[in-house]
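Asker: Sequence:
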Amino acid sequence: MVKGGDGSDFPGDCKPLRRLFLGERIETVLSVFLAMRDADDFLLDGAEFRAAVDLGNLCGPTAGRVPHPTLKKADHNAVERRLFVPNNEPKDDPAFPLIPIARSIEDLCLLGDGDSALLHAHGL
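Residue 1 is where the sequence shown starts when you use UniProt numbering, and the numbers rise one by one after that.
Hints in this document: simulated from the structure, not taken from any laboratory. Every residue, glycine too, gets a C-beta built ideally from N, C-alpha and C. Mixed in with the good hints, there may be bad ones.
Unchecked claim - Label pairs and their calculated CB-CB ranges: (1) P69 - P16: 18 to 26 Å; (2) E106 - R81: 25 to 33 Å; (3) R103 - K72: 21 to 29 Å; (4) D93 - P16: 28 to 36 Å; (5) D75 - A39: 46 to 54 Å; (6) P97 - D75: 49 to 57 Å.
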């Protein structure tokens with residue numbers, strides 16, 4: 001797993017990597033890896049699998065928020081207010097630590113899952 005910009009090098013055969021599978025959390029990444037392994041998928045050759053820990057780390061911060069089209073929550077005066085979710089505009093933040101991607105990577109496969117709020121995930 002990678003949080004922030006610090007990657008980890010693990011011992012192994014050190015073949016050049018051509019393909020990176022990157023997902024939000026370990027469950028998503030591991031389920032894809034296991035399915036590919038069980039199917040003896042040729043895409044495993046030269047592949048690396050990483051979990052980004054959370055959506056914010058995977059995509060970075062957003063520039064703003066937008067009201068959710070349906071979700072509301074009562075405030076301290078019991079008045080229903082719309083909830084806000086991140087918009088889809090990335091925040092220009094040069095200090096945000098990026099997930100390092102090896103120069104040898106030719107294919108970057110972003111793995112989506114169904115356990116994040118859909119509108120929130122699409123905003124990021």
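Asker: Next step is simple, just say for each hint if it's right about the structure.
Answerer: Checked hints:
1. Distance hint check for P69 and P16: the Cβ-Cβ separation is about 45 Å, which falls outside the suggested range of 18 to 26 Å.
2. Between E106 and R81 the C-beta distance comes to about 47 Å, which lies outside the given range of 25 to 33 Å.
3. Distance hint check: the CB atoms of R103 and K72 are about 47 Å apart, inconsistent with the given range 21 to 29 Å.
4. Judged by the Cβ atoms, the range 28 to 36 Å given for D93 and P16 holds: they are separated by roughly 31 Å.
5. A hinted range of 46 to 54 Å holds for the C-beta pair D75 and A39, which are about 50 Å apart.
6. In this structure the supplied range 49 to 57 Å is violated for P97 paired with D75, their Cβ-Cβ distance being about 35 Å.
Violated hints, listed in ascending order, are 1, 2, 3, 6; each of the other numbered hints is respected by the structure.
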